[in-house]
Amino acid sequence: MRYSFLFIILLLIGCSSGTTPVDDAVKAKILHYGNGTEPQGLDPHIVTGVPEHHLLLALCEGLTSSNPRGGESLPGSAASWDISDDGKVYTFYLQENGKWSNGDEVTAEDYVWSWQRILTPSLGSQYPDMLYYVQNAEEFHNGTIDDFSNVGVKALDSKTLEVTLKEPTPFFLGLLSHYSTWPVHKPTVLKHGTIDDRNGQWTRPGNFVCNGPFNLKTWELNKKIVVDKNPLYWDADIVELNEIHFYPISNEMTEERMFRAGQLHVTSTFPSNKCEPNIQEINPNIKIHPYMGTYFYRFNTANEALDDVRVRKALAYSIDRQKIVESVTRCGQIPAYSFTPPGSNGFYPDTKIPYDVDLARNLLKEAGYDSGEEFPVLEILFNTSEGHRKVALAIQQMWQQNLGINVELVNQDWKVYLSREMIGDFQVSRAGWIGDYEDPNTFLDTMRPNRGNNKTRWDNYEFDGLLAKANATLDQEERYEILMEAERLLIDEMPIAPIYTYVRVYQLHEDVKGWYPNILSHHHPKYIRIERD
Amino acid sequence: MSQSSSLWSDAIRRLFKNKAAVAGAIVLVVLIVLAAFAPWIAPYPYAYQNLDLGASPPSSAHLLGTDVLGRDLLSRILYGARISLLVGFIATTVALLIGVSWGIIAGYAGGKVDSVMMRIVDILYGLPFIIFIILLMVIFGRNLWLLFLAIGAVEWLTMARIVRAQVLSLKNQEFVLAAQAMGVSNFAMFRRHLLPNILGPVAVYATLTIPQVMLLESFLSFLGLGIQPPMSSWGTLIKDGVESMEEYSWLLIYPGLTFTITLFALNFFGDGLRDALDPKTSE
Amino acid sequence: MLGIFLRRILLAIPVLIAVASITFFLVRLAPGGPFDADKAVSEQVLKNLNEAYNLNAPLSEQYFDYMTGILVGDFGPSFRFPGRSVTELIMTGLPVTFELAIYSMLIALFIGILSGVTAALKRNTFLDYIPMSIAMIGICVPTFLLGPLLVLIFGINLELLPVSGWGQLPGDKILPSLTLGFAYAAYIARLSRGGMLEILNQDFIRTARAKGLSEKMVVIKHAMQGGLIPVVSFLGPAVAGLLAGSFVVETIFQIPGLGRFYVEAAFNRDYTMILGTTIFFSFMIVFFNLLSDIVALWLNPRSRDT
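Quick mapping for you: the protein sequence lines, in order, are chains C, Y and R. One point on numbering: in our numbering, the residue at position 198 of the first sequence is 198, and numbering is uninterrupted. Whatever position you read off the second sequence (first residue = 1), add 1000 for our numbering. Whatever position you read off the third sequence (first residue = 1), add 2000 for our numbering.
Hints in this document: simulated from the structure, not taken from any laboratory. Note that the structure is a prediction, hence the values are computed from the model and not measured. Wrong hints could be hidden among the right ones.
Derived pair list, reagent style DSS-like, types lysine-lysine, alpha-carbon separation capped at 27 Å [what the hints assert, rightly or not]:
#, chain 1, residue 1, chain 2, residue 2
1, C, K224, R, K2173
2, R, K2047, C, K186
3, C, K27, C, K224
Partial selection, computed: residues in chain Y whose CB lies under 7 Å from chain C [what the hints assert, rightly or not]:
#, residue
4, Q1049
5, L1051
6, G1054
7, G1224
8, Q1228
9, P1230
10, E1243
11, S1244
According to the in silico footprint, chain R covers these stretches of chain C (three or more CB under 8 Å from chain R) [to be verified]:
#, region
12, 245-257
13, 404-416
14, 452-460
Quick reminder that beta carbons are idealized off the backbone N, C-alpha and C, glycines included.
Could you build the full structure based on these sequences and the hints that come with them?
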């Protein structure tokens, strides 16, 4: 009886073929993409995450397209544009042969209707603020005005779109590469629901229509999403892939094993436990690129002890960032001495945050605490994650050793953590911010007074003024000067303590070509090829 | 009285014949002693980090190696023992207290009271408890006492059923009827006649519940819902070990081994107890 | 007998209602709502979202709407996956979890019964301790330890079996089923050993032996039928437990099953999904308990449940 069991097992294993999916892909031109968690959906006006973004990059396209090598935006579904002298009026000339995947022409009216959709309050989009820079957009969204024709977006003719902004917004073009500003196909949406129906069925395979280089072919929930080449895309000639298979693999170790087994071309991440200083020499498939994101700790300035800038600086100066990136995160992260990551569209902040324990201790004394014991117990709030836990443990140790204060760790699950931050029920909390578009404004704007993402209760109107001034400045150099001042002010006041700049760490198979590292980590599938040397 | 004492001495004799159970008992005693004296025995404080060292295999300075933050594994296992055993014992005690009282009352009272009480048990039995525990932990945060309560609340049901069954079978035995006829109070009935006879199955089941509880706790830790850092139970240690098992296998092997051996010991001992106390299964 | 079962079925209804209600209110007590996100949601947007899902209505109204919805089988839309209904999500995950449970149960039965019967026949010898220890691996080694270990040995070092997925590569169903099966093998081993020991001591066995029947015949034909009744009674709760407990295995092996959906829904505060899966699991537990009781009674009409 025992032998028959063994036999059955062997039978089940079967004769495994010698080739892997990655081997077969060379001929079939299929990209196998490890995409993290299962996407919420495919409606660009509703979804909010990175896995969804990867899909949308394949399926749809906005007016502009982010540059795969970083820097200035490229034409997308708009072939060219004019900007008025005062910087407030943009005229977009859409691609002549721009088509939806069902053959319809992409028109300017499509954009007008799409922007109306995302700004329709009852849709409940979470990213309408991307378009708030457009005249009257915010007013339409919060119900102040009813008539969308008062909003600054008009179709001059079927291929010409005119957008009027509230103020000259120098980063507007970059902003348009964010998927919330992308168009949706009106007849399809309305066929399967109303303009504001979140649960409309238009995104199902078979119904889905969009204007990108690929089409939605199949979607097996929690198994695989397959997209295939869209021959009607205006730039279809340069698209070489036939299909992309997106796999929702949320466990990073499983994903790593799948890569090793030849089941994936690219992974979404890499287990930090396997990182070593020279990992890239050991394993040439590993890619480590700076990512436009900052890992930082928020100080709740409404807290009595943290209200004192000297205390905040003392805390920030006693974190050994070098040690954290070398011994804790270990995957090539970069210590951060500014809030805005260096290199964001040519912006390099010159702020400094020294690791100076004596200075820190003196600052603490100046603030009135002769010794660490006098200082109240400090709580670090973070959400459940191995990475956050390790960093928090390390920083707890550093503060305890360097300053002699007592630190407690409070680990909550994601939603509880978010809600506590929102209502201000925390002292120090772990945070991260990823840029939405390539411009320092996407970071600095969040620290303005009354911004939902500020959460530190630090309301500085000098800072606010600087940013408003920057937004109204057309000259890039001048604008960056002003933003630099703002960054310096931020670091001088230290409502947040930057810790490290994110890096994207992932594995990429050598067969994949046309994949360029950029700070936003946008990898447009239209440029990707599979070639085996 | 003499009936009970010969029952016990028979049971103890049978228990000692069972080599596995004896081995299990020895392991448990050693473990409890180690856990109790952990603060004195452990070579390093469990939270002490040595970031320069990082993860290192067993050496003379660190007998079982260190983890990614340079913390000594042996010390963490010793301290982890305290947490895991504590959770095991306390949660089981909670289950015991609730379950035994419930079972005794239901069994002894009989009739409508019994019916209602056991219906409630049936209803609760039908709930997907793992699901509720997760929900509770997610909602109310990672409070150690809540953990004990939640786990204990899951395990008392079977205890109640077992106790009630015992009480029912005892209730109709002659010595109970005789005592009742003599006018012995209910309380004395519980204490002198019922309790000693219930003790057997309860002890067995309790011993077998402890490993279940420990498994449940380690499972919650695996999901990220268990003990707060920097404290850790064996569950958290195993979770850490799984993540780095290919590079730093000692991080998985030693906590895993300790956990497994403890559970084996508990189970063997519990099984042995049950065999010893159950005359039906004697040769 | 019919009366008992009718009563049990009737009892199940308030159980399910109680489960649904408790979960309904419990979830809403939780801090953090379904729409809280890293990028702060403005009050305006939050209001819009709550409107869209009727979360601004008074709680009693929401409760009533939800409960009446369930009666017609409408569990509502998922909060996390706009455009997908809870029913659809459950129907996607259920067959997978069910298949995993069945395979695991088969493995558990095989290892468990083999070990338990052998142990009972060769009591207190090494053939008692060893099979029982092997079966005990399931109770003493957590699934989240056993799974990765099996993966390490068979998936990576020996490269015999796939490391994840379900139905995507040949043989990828083996390791997960083994992992989960071991967990229940121990209970089955215990139960069958206990049951066999009880039966083997009874008179009719002695009679059969005295009649000169071979040991094998005695065991298989006479003893096992009665001795395995406890196992049958256990099957009900076991399958239910497998359904609920499978999600560690589902997480480790990336299996798109219902258990994994549930945990994610809890973490994401996807109210409707949590409720849907909870009610569904309760229903499964009740159903399987009933089923196994029926089978147990049919096998041995003399036994009554305590």
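Quick rundown of the hints versus the structure:
no.: 1; hint: C:K224 with R:K2173; in the structure: 17 Å, holds
no.: 2; hint: R:K2047 with C:K186; in the structure: 25 Å, holds
no.: 3; hint: C:K27 with C:K224; in the structure: 21 Å, holds
no.: 4; hint: Q1049; in the structure: 5 Å, holds
no.: 5; hint: L1051; in the structure: 4 Å, holds
no.: 6; hint: G1054; in the structure: 6 Å, holds
no.: 7; hint: G1224; in the structure: 4 Å, holds
no.: 8; hint: Q1228; in the structure: 6 Å, holds
no.: 9; hint: P1230; in the structure: 6 Å, holds
no.: 10; hint: E1243; in the structure: 5 Å, holds
no.: 11; hint: S1244; in the structure: 4 Å, holds
no.: 12; hint: 245-257; in the structure: holds (count 5)
no.: 13; hint: 404-416; in the structure: holds (count 4)
no.: 14; hint: 452-460; in the structure: holds (count 3)
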